[in-house]
Amino acid sequence: MDERIVDIDQITYEYNRLDEEGNVEGTTKALKGVSVSAKRGEFITILGANGSGKSTLAKHINALLFPTEGTVTVDGNNTADEDKILEIRQCAGMIFQNPDNQIIGSIVEEDVAFGPENMGVESKEIRDRVDESLKAVGMYEFREASPNKLSGGQKQRVSIAGVLAMHPKCIIMDEPTAMLDPQGRREVIRAARALNDVEGITIILITHYMEEAVYSDRIYVMDSGNVVMEGSPKEIFSKPEELKKHRLTIPQVTQVAIALKEAGLNLPDGILSRKELVAELMKLKECRHPDGLKIRLTDKVRETRNELRD
Amino acid sequence: MNLETKNLTYEYDAGTTQAVRAVDDISISIPSGQFVGIVGHTGSGKTTFVQLLDGLLKPSSGSVYLDGEDINEKKYDRKSMRAAMGIVFQYPEYQLFETTVLKDVCFGPLNMGLSQDEATKYAKEALLKLGMQEDSYGASPFELSGGQKRRVAIAGVLAMNPKILILDEPTAGLDPEGRDEVLGLLKKLNESGMTVILVSHSMEDVAKYVGRIIVINDGKVFLDGDGKEVFSHVKQLEEIGLAAPEVAYLMQAVHDAGIPVSTNITTVEEAASEILLKFQT
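Going line by line, the protein sequences match chains A and B.
Using the numbering used here, read the first sequence as starting at 441 and increasing by one per residue.
Using the numbering used here, read the second sequence as starting at 10 and increasing by one per residue.
I should point out that these hints are in silico values taken from the structure, not numbers from a laboratory.
Treat the hints loosely; a few may be bogus.
Said to hold, decoys possible - In the DSS-like style, the derived pairs of lysine-lysine whose C-alpha atoms are separated by at most 30 Å in a straight line are:
{"id": "1", "chain 1": "A", "residue 1": "Lys685", "chain 2": "A", "residue 2": "Lys725"}
{"id": "2", "chain 1": "B", "residue 1": "Lys287", "chain 2": "A", "residue 2": "Lys701"}
{"id": "3", "chain 1": "A", "residue 1": "Lys684", "chain 2": "B", "residue 2": "Lys197"}
{"id": "4", "chain 1": "B", "residue 1": "Lys287", "chain 2": "A", "residue 2": "Lys715"}
Claimed, not checked - A few chain A residues facing chain B, derived, Cβ under 7 Å:
{"id": "5", "residue": "Ala489"}
{"id": "6", "residue": "Asn490"}
{"id": "7", "residue": "Gly578"}
{"id": "8", "residue": "Leu590"}
{"id": "9", "residue": "Gly592"}
{"id": "10", "residue": "Val638"}
{"id": "11", "residue": "Met669"}
{"id": "12", "residue": "Gly671"}
{"id": "13", "residue": "Pro680"}
{"id": "14", "residue": "Leu688"}
{"id": "15", "residue": "Ala703"}
All residues carry an ideal CB built from backbone N, CA and C; glycine is no exception.
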């Protein structure tokens, strides 16, 4: 079995711009030779500014769009192969930004059953899959509720359950938290991480929230239709200047760590979580001189500190 | 212009068994020139509330006063109120419809009865403020990226030169740089005297930019104060589906580990300086 569940190899995507009469005005290249891959069970995050091509790329994995050049292979099947499209869409499920556009059933469990029903799964099996999927995202107790009575985060988890019920090997989430409140964001990200950890489902997450990217195995950064950075969260978030060039930023905790480091505290690069920063600060604290219980300060820290006092 | 509400209440499906009280007895006052953030979980009633402020919904009971006048009175001059208050809805780019960027932004001022020349002037000013350069004015708004569309849509409201600007989640779906650009612009507009009312889900953003935060829950005002006051109630905020900015949790963790930092911190800059102060000689 191929180690890679998703293999996007050097793809370009062009579309025609039309004028008011519908004549072709010219072509726009949304993707310019992009290669991205995900191993089975990996958690991948794709970051990038608005208009960088992230969503266009995501739609290729689900065979909603087809590359002008290059190939997209999902679980060994080329998306150019028309006979394999249903298989590909079943293997790689997709979640979009607005949960209201994705929910069609009038009762939660009906909505989740839609996918497997459509695939021709037997009814007893559908029952099992619906229950399983709702449990996996923590929405089982709402199975008989009407989706329009749910919060945004709950609705988005129902959408995820709907995809899960089709037993995908990979789920692509295109800004699933953009419309949600903090609670809803936490719920959805927690659900995504659990599916990855427990069920081993490959997750490809597209987001504008840097905090959500911290837990992924690898991050790709896109800009103007190209992949411009690739690496672990630690590697990527150690380069705030470069990220800024691509209109991105770093998590707040990392921002604090960098400010402290610049002020002279001896901290390593790429601190991503509260826990890491606290641990590093405690190490510094232990380094303090036993008599004075003070650390040795560089002039720069002293200067900054004095500025702060003023 | 001063905006005030007294016992403002709004019920959807009023008089039926399905009646839902989305806004429940809110009395607040927003003096001219404030930068107010309105936060609350989805379904808390914040969007309904701002739509009442803008006179798009008629209250079930209670009133909205603009400079002391009830905007829902029969004789009230709604037209001049429309010119004084601008509202930018969620995903405003869905409302773009014209063939060029400039025409789209001109629509509002023209509709207010301004001449084409004046409208064009205001439109260009608004577009420039939002960082849209002259060379894009002839383009179709539908060719632009998501962030650019959002800016054109906001410019459409700004071109009417409102005294009070209300925005419902203007940064949802924007990249970090785009978020900072839009919020930075709002800050500038506010500093030039405009009242800005920002509905947001991002605690980090309101903590950084806004002077006063009004937390709405179940249609009622739950908390009302500056960032420090509001975010000192972390537990209560979490119970109603919200959160404190990420740095506030960091400071709590640092504090719990035995470094006696203040936990009432809401921005990155404050967090860094507070920690540094504990590592002094």
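Going through the hints against the structure:
For the given pair, Lys685 of chain A sits about 35 Å from Lys725 of chain A by alpha-carbon distance, which is inconsistent with the 30 Å threshold. Proximity of Lys287 of chain B to Lys701 of chain A is assessed by CA-CA distance (about 14 Å); at most 30 Å being required, the pair is judged to hold. Between the alpha carbons of Lys684 of chain A and Lys197 of chain B the distance comes to roughly 22 Å, so the proposed pair stays at or under 30 Å and holds. Our distance criterion of 30 Å between C-alpha atoms is met by Lys287 of chain B and Lys715 of chain A, whose separation comes to about 18 Å.
Because the smallest distance between the Cβ of Ala489 of chain A and any Cβ of chain B comes to about 4 Å, under 7 Å, the interface hint for this residue holds. Taking 7 Å as the C-beta cut-off, the interface hint given for Asn490 of chain A holds, the closest approach to chain B being about 4 Å. Checking Gly578 of chain A against chain B: minimum C-beta separation of about 15 Å lies over 7 Å; hint violated. A cut of 7 Å between beta carbons decides the hint on Leu590 of chain A: the least distance to chain B is about 9 Å, and the hint is violated.
A hinted interface residue such as Gly592 of chain A counts as satisfied when its beta carbon comes closer than 7 Å to some beta carbon of chain B; here the least separation is about 4 Å, so the hint holds. Annotation: Val638 of chain A was flagged as interfacial toward chain B, and the flag is violated, the nearest CB pair being 25 Å apart, outside 7 Å. Violation of the interface hint for Met669 of chain A is found here, the shortest Cβ-Cβ separation to chain B being roughly 15 Å, above the 7 Å cut-off. The beta carbon of Gly671 of chain A comes no nearer than 18 Å to any beta carbon in chain B, farther than 7 Å, and the hint placing it at the interface is violated.
A hinted interface residue such as Pro680 of chain A counts as satisfied when its beta carbon comes closer than 7 Å to some beta carbon of chain B; here the least separation is about 11 Å, so the hint is violated. Here the hint on Leu688 of chain A is kept, as its CB sits about 5 Å from the closest CB of chain B, short of 7 Å. Among the interface hints, the one on Ala703 of chain A holds; its C-beta lies about 5 Å from the nearest C-beta in chain B, closer than the 7 Å criterion.
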